[in-house]
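> Here is what each chain is made of, one letter per residue.
Protein chains: 6
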Amino acid sequence: MAKEIFDYKIDENMDLFALIKTADVRIAKNGSKFISFIFCDHSGEIMAKFWDASDEDIENFQEGRVVHITGKRENYQNNPQIKIFNLHLPHDGEPNDPLDFVPRAPEDTSSMEKDFNAFFLEIKNQTWSKIVHYLIKKYHDRFFTFPAAKKNHHAFAGGLAYHTLSILRLAKAVTEEYDFVDRSLLYAGAILHDLGKVIELSGPIATRYTLEGNLVGHIVLIDEQIVEACQKLDIDQQSQDVILLRHMILAHHGLMEYGSPVQPHLMEAEILHHLDDLDASIQMMKGALDHTEEGEFSERIFGLDGRNFYKPEDKK
Amino acid sequence: MAKEIFDYKIDENMDLFALIKTADVRIAKNGSKFISFIFCDHSGEIMAKFWDASDEDIENFQEGRVVHITGKRENYQNNPQIKIFNLHLPHDGEPNDPLDFVPRAPEDTSSMEKDFNAFFLEIKNQTWSKIVHYLIKKYHDRFFTFPAAKKNHHAFAGGLAYHTLSILRLAKAVTEEYDFVDRSLLYAGAILHDLGKVIELSGPIATRYTLEGNLVGHIVLIDEQIVEACQKLDIDQQSQDVILLRHMILAHHGLMEYGSPVQPHLMEAEILHHLDDLDASIQMMKGALDHTEEGEFSERIFGLDGRNFYKPEDKK
Amino acid sequence: MAKEIFDYKIDENMDLFALIKTADVRIAKNGSKFISFIFCDHSGEIMAKFWDASDEDIENFQEGRVVHITGKRENYQNNPQIKIFNLHLPHDGEPNDPLDFVPRAPEDTSSMEKDFNAFFLEIKNQTWSKIVHYLIKKYHDRFFTFPAAKKNHHAFAGGLAYHTLSILRLAKAVTEEYDFVDRSLLYAGAILHDLGKVIELSGPIATRYTLEGNLVGHIVLIDEQIVEACQKLDIDQQSQDVILLRHMILAHHGLMEYGSPVQPHLMEAEILHHLDDLDASIQMMKGALDHTEEGEFSERIFGLDGRNFYKPEDKK
Amino acid sequence: MAKEIFDYKIDENMDLFALIKTADVRIAKNGSKFISFIFCDHSGEIMAKFWDASDEDIENFQEGRVVHITGKRENYQNNPQIKIFNLHLPHDGEPNDPLDFVPRAPEDTSSMEKDFNAFFLEIKNQTWSKIVHYLIKKYHDRFFTFPAAKKNHHAFAGGLAYHTLSILRLAKAVTEEYDFVDRSLLYAGAILHDLGKVIELSGPIATRYTLEGNLVGHIVLIDEQIVEACQKLDIDQQSQDVILLRHMILAHHGLMEYGSPVQPHLMEAEILHHLDDLDASIQMMKGALDHTEEGEFSERIFGLDGRNFYKPEDKK
Amino acid sequence: MAKEIFDYKIDENMDLFALIKTADVRIAKNGSKFISFIFCDHSGEIMAKFWDASDEDIENFQEGRVVHITGKRENYQNNPQIKIFNLHLPHDGEPNDPLDFVPRAPEDTSSMEKDFNAFFLEIKNQTWSKIVHYLIKKYHDRFFTFPAAKKNHHAFAGGLAYHTLSILRLAKAVTEEYDFVDRSLLYAGAILHDLGKVIELSGPIATRYTLEGNLVGHIVLIDEQIVEACQKLDIDQQSQDVILLRHMILAHHGLMEYGSPVQPHLMEAEILHHLDDLDASIQMMKGALDHTEEGEFSERIFGLDGRNFYKPEDKK
Amino acid sequence: MAKEIFDYKIDENMDLFALIKTADVRIAKNGSKFISFIFCDHSGEIMAKFWDASDEDIENFQEGRVVHITGKRENYQNNPQIKIFNLHLPHDGEPNDPLDFVPRAPEDTSSMEKDFNAFFLEIKNQTWSKIVHYLIKKYHDRFFTFPAAKKNHHAFAGGLAYHTLSILRLAKAVTEEYDFVDRSLLYAGAILHDLGKVIELSGPIATRYTLEGNLVGHIVLIDEQIVEACQKLDIDQQSQDVILLRHMILAHHGLMEYGSPVQPHLMEAEILHHLDDLDASIQMMKGALDHTEEGEFSERIFGLDGRNFYKPEDKK
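Protein chains in written order, with full-length UniProt numbering: chain D, 1 to 316; chain Y, 1 to 316; chain U, 1 to 316; chain B, 1 to 316; chain W, 1 to 316; chain Z, 1 to 316.
Wrong hints could be hidden among the right ones.
Treat identical chains as interchangeable: a pair holds within one or across any two.
[Said to hold, decoys possible] Restricting the straight-line Cα-Cα distance to at most 25 Å, the calculated cross-link-like pairs of lysine to any residue (SDA-like) are:
id: 1; residue 1: 72; residue 2: 58
id: 2; residue 1: 172; residue 2: 312
id: 3; residue 1: 150; residue 2: 240
id: 4; residue 1: 232; residue 2: 299
id: 5; residue 1: 151; residue 2: 179
id: 6; residue 1: 124; residue 2: 66
id: 7; residue 1: 72; residue 2: 51
id: 8; residue 1: 150; residue 2: 116
id: 9; residue 1: 286; residue 2: 254
id: 10; residue 1: 311; residue 2: 227
id: 11; residue 1: 286; residue 2: 92
id: 12; residue 1: 49; residue 2: 287
id: 13; residue 1: 232; residue 2: 255
id: 14; residue 1: 124; residue 2: 296
id: 15; residue 1: 3; residue 2: 290
These are computed hints drawn from the structure, not numbers from a lab.
Turn these sequences into a full structure, and let the hints steer you where they fit.
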């Protein structure tokens, strides 16, 4: 199998295909243009600068395309990067499918799907069960391929389903420890909480915010889908069941300044908010520590108040 | 015509019918119960305490009922109040319709309706025009009878329509001064911005928050109605027109900590937020200054950072 | 068995012994003194006012004493209370041991201790294991009888151990879901995180803050105990192991404004902070919802930004 | 007439005279010096970098001078800029008057002056009328030529008068809608509210803050002028009229953290604050959207919490 | 000499004359009126309630009057109070001059004046020296008799001069330790920094805010006096000396949210802000600790973030 | 004596030895590496960039080494810098001891030590006196050579002792002005307040944070030393004396968000916080103004809310 980005050691010469995740054209202080790339494959993401870019280069090397790279693996201030020797677009017969190079969730779709099914069965309330089935069916493919975010945590293909599944597993532990929590409501809310991202984001490759994503936002976008589902499924929108489920999604950011139009006023909504936060925090820390040497502090993490994290020495 | 609450002078004996707006049962420090009332009629609201309330009194004198009051008009720390001599429920043939005692907007419904029609005609964009007509028709009666809030500003029957109309008039001035503003969008957004309150609140008498009001909130409640309207009217929900209109409503609280799931990212949404704020501020100040003597400061206004306002002397 | 406080229905006459949890002497508006009590037994806490208290009453009915109460069970604005007919101190032979009336954790000490032992075994790192054993042994009795707080969450005898155990159970689920988390460190930190409360608080009856509690605080108080333990156990204080463990405790409030002198800079410290927060939140919500009727909102919870929580109807 | 900056299309070669608005000398990463320019003429402002600047270049091409430019019009990340081929100072007979190149308010002075006079007549209170006349007369020329700010909104010649006039027109609409507002006070306050900027700023060309501007600020600087005016006009400084007018100016930033030594405690002061904010916001959004393509988001606007604004497609 | 308030022990019967500092009429829960008093004399302030007040009592016992009191000295929740047996206005020949009962600064006027003169001589800069002399002369009597605040710190006759003098003494120590500080500027700023309070407040007895105090504030009020002084003394207002002195006063609250229209941008202004804060804090703590028992915490101090302070035991 | 950095005038050629305080390797936009240096000697610190650095250069010119520099003294945007012509490491016999080039406190160690001894004698309480002596003896050498911070204020050798001494001198003035302040407690707290920095920081040359510094912090590090001292000296840790002293140190940052685990609840702790703040502010302003021209504003100071400070003209 072909060597991937992080199979190369520091200072080793590289020769591989990768996906252009982002390509920003900038102007150097000497007036010429250069491209600031993020390349990726299954092994992760890496930065690189391409100096003195011609108009043709800019035209060729755009976001979402696969390229062939020769260069050298370097490390600069704890950030891995490539010193580029040469770039070219794939020739006929060479690897050219972006999906083959997108970082993916650590579990595969069929395995995740099986786990989800077990959770679906635990939703005993019929209203919630029907709505959840309807919407997961409607957005099935996107749910299992979209990332959970453009950057920060779970920004990989399948990240949305993977993040959702992690929360469900934590939720299971919570309902076992605290038997007064409504398991059906917590699971239904957890499954739908971020589903609006399949409308907010453009997809797993070269992920952007859609216009609806920017002007409406994923919280309200999925709320609207619940309302539509009620109409299709002939469920009374004014029923307590529907109001509770909508509240689970609307309140899951916890604080209004984080975009929830209401704060949690249900025990299960408060718990969902905590679990969402916990899983996101762990993924952000993991992402940063994966590229940190033992005995060092990671880069600062924007989503965690700009804190950096220490990776202990001799950790077994 | 019968004398109303504020027709009585301070220290004058009172004998009148009024509506019980709120009735809170509390326990006095001597252990007996008393009722803390707010009475109202068209002339305004006034507080009163009813001491040593029996269980029968508590049963009789509930929120939303009309009562006959004898007592004395007093003033206590700038707050008008009644010293109650006697309370009884109306006998047959005496006034008994709560709606006859609810404070009302300073303009009557038919006059406001006429003005609204003129604004409707200025919405040239067909998508927005259809949605606005559909929703105002659907909620016509509530729109013209509901208050704009439980307390604070515009807490009177017809307050919702009156507040909306005031904003439209200011919006007209803005579009005349700044000709690059999209008048249709600003008017459509202004008309719908608070319409969710007809679902959030219970009505003009003994106003309470509904369960949906508490757990979903008026901003998302009207957003959902726009989505439904699109389905009924066969309008494409993904069109830019619909997204822009939804953004107008979602962003109108300006800051996320005030309950908007998104901040304004459209010029017209930013303007709507300012005008909503301005009209609400003016009504709060007016409400407080109406009961303030010249040369004095009003009570502190919760919705304006607890500030009090000075009423100048000799103001002509 | 004798009937306890919450075995009585609303409006039922009461005749029972209970513990005086707090007794505040106040002056009524008529100038006489009264005592504002909180009584408690295993079934929970209840308020009561004792009017026209004599100096002898004030002397007799102090915090931490058992009393015999006759009265009536009432409910006032969602807060249960007792209307007192008569109070007297126990006669010889009547129940008189405060510890028999202190609310207790839902699990008994021996059961909790067994569970703790299982967790202790999972701490594979010898430094952490030794320090944890040393300190839990040193404060064994206090650890299993102290509350976790004076009020708010886990304010019952055994609350400290119970809160700690709940966190450990959640921590177990986290380490199963995220295999890169250091289980030994997370468990050791969790066990010690609030142990300083055995110095900060005065004990399970009539709980007060000690002078050290007020001027040093439980976070630094347990940090100091770790330092002492190192000296006794001949462990190098400058070793990474000790620094990491201290950081776990020092950072567990998450934000400096909540009293942590440092923010979390270790993945395990960040996780401990989340789990502590989650368990405390759940206990606060449970406490409030236990006294709330279905279909109603609970009282506002100070420790959760003053939010109130809805208890759904027909919850099975 | 000569072509102006924004008459050139993207990628078109340019040959024109313009004013140097700012000229910052910086050091490039290769160690040589370059000048970062903002050029302007009536059509707007544009950035440009001048590489490898000699000491003579730095001496020649300073803020406030007119230069002849040859270059190419480019666009870089939504920011228009010029690629400079050559710069030289005007030769004899070539355009050389900075005032001919300063961006100007969209209305000319005589038209604005006429409108102001109509507003002056509406100030019926003699105290306010005399003070306003005195100060506008004293600073007449500066008032009609100064910008309202160094950057952000209304940063063009005549911007101060234009901003003031916009507020007066909005104020007129407010007083028509709310007849209990004191028109004289609102107009007098609006006219004077930013007049201190004629002392705070250095003038319309190469605008800087004066020492008084930095250490005293425009709010207190105009307050001091009102005090002086009272002395010249023999008006009692302790009179309510004078105190009210001073309060209008002192409170117009609304919040103390924005530099008002007192918050608004007069209805008219609160309204003036809202209108000032509204007009400034609209001008900032207009400025950003003027250089934004349809269907795109503008650059982020510092004065509006860093938000960017969407320019809808197909806007007619 | 007559016994004063705090010469009486707890539970001792009292018989003395005192000044009514404040008299608030309130309505008891039984519907009758009572007066909530603060009495004072040189020994301090004490609260008392007067039950079942008649209209004549309310008329007689107003703020600013001397009364004869018989009653009992009590202590209630760390707050000293009087249980009133009887009140009457002084008869002819009995003490009746409010000034004889106002709490006073611990140093007398002549002693303070002498110290001030020494500081005046240290102001070597002629501009500052002249302005300071002019204004202290103009407001001499008020400066030495006014309090520094209505409540909180230095709320006693002569408090303004005493507070100013304390700051000057600290300023002297600062200039000795840091020889690069401009002593003249620091002293001049310190002397004038709170002088605006002689216009903001009504005087030493029954202290209220004036209308100017409320709508303009003491910071701007003294700034205006400096401007006037310049005109009388023929000093150039635009000179750096005057601008620096004005900045000292305008910036002395340190943060704009505390009412300074500009933050400190001069070293001496920053230092003055610190010293003002330090002296005010010490006086607030002293005031609270003076009435606290050893080994107890004081009441919470509003001006110090609601903190309470511990008074150590055995303090010699 | 050899010329030092700031003995050279702007544009003068330089030839001197200096210490490399920091050396950051960065990548230029042309892809080559450069080193961004801060050099220092007794006269102060200065920046410089070294272009096109080879791997050998990077290896040679590291933090903490002495180098020989030839270059030119320049000034760039109020920041002094060196244009480097050549760098080399010292040859045998040339100056090579970093300690000879570290900026030092303006007072020498023996003079400071003498002053400290006088303060030690003023600590009359035996508990505090013993602890202070024990700890100052234990860390004597570090106390007199460490800086008080890595950057910001007192970042020079001996800065810790110098900062401590400045606070003691201010504390002396405070205890003279306010005779009710406990001098022993204030002095003892002042001496120890920052002593934890000898563990938090690595030393006077190439100062870094240690792992304990990052994960525990200087406040808790010195608290732990006090606890240890009590054990060695056989002092009761639970005594009020020890609790008070620990509180002095723990609370000295004033606000919890600045890292104090408790806020000040002792008068002396509040005063220590103020004096610490005052001395740090003065040193930061002095540092910035020392490199500012008269009539100009300094650079912005991060530790003072980003404010810049004006240096008046003609200051004698």
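> Now look at each hint and say whether the structure bears it out.
Cross-check of the supplied hints:
1. 72 - 58: Both: 21 Å inside a chain and 20 Å across chains, each within 25 Å.
2. 172 - 312: Answer is between: at 21 Å across copies they meet the 25 Å cutoff, but 31 Å inside does not.
3. 150 - 240: between (34 Å within a copy, 23 Å between copies)
4. 232 - 299: neither (48 Å within a copy, 38 Å between copies)
5. 151 - 179: between (36 Å within a copy, 23 Å between copies)
6. 124 - 66: Classified as neither: same-chain Cα gap 46 Å, cross-chain 47 Å, threshold 25 Å.
7. 72 - 51: Cα proximity of residue 72 and residue 51: in one copy and across copies (15 Å, 22 Å).
8. 150 - 116: Result: close within a single copy only, 24 Å intra versus 42 Å inter.
9. 286 - 254: The answer is both: 23 Å in one copy and 18 Å across copies each meet 25 Å.
10. 311 - 227: between (46 Å within a copy, 23 Å between copies)
11. 286 - 92: Neither: 38 Å inside a copy, 49 Å across copies.
12. 49 - 287: Answer is within; shortest intra-copy Cα gap is 22 Å, inter-copy 33 Å.
13. 232 - 255: neither (32 Å within a copy, 34 Å between copies)
14. 124 - 296: between (48 Å within a copy, 23 Å between copies)
15. 3 - 290: within (19 Å within a copy, 49 Å between copies)
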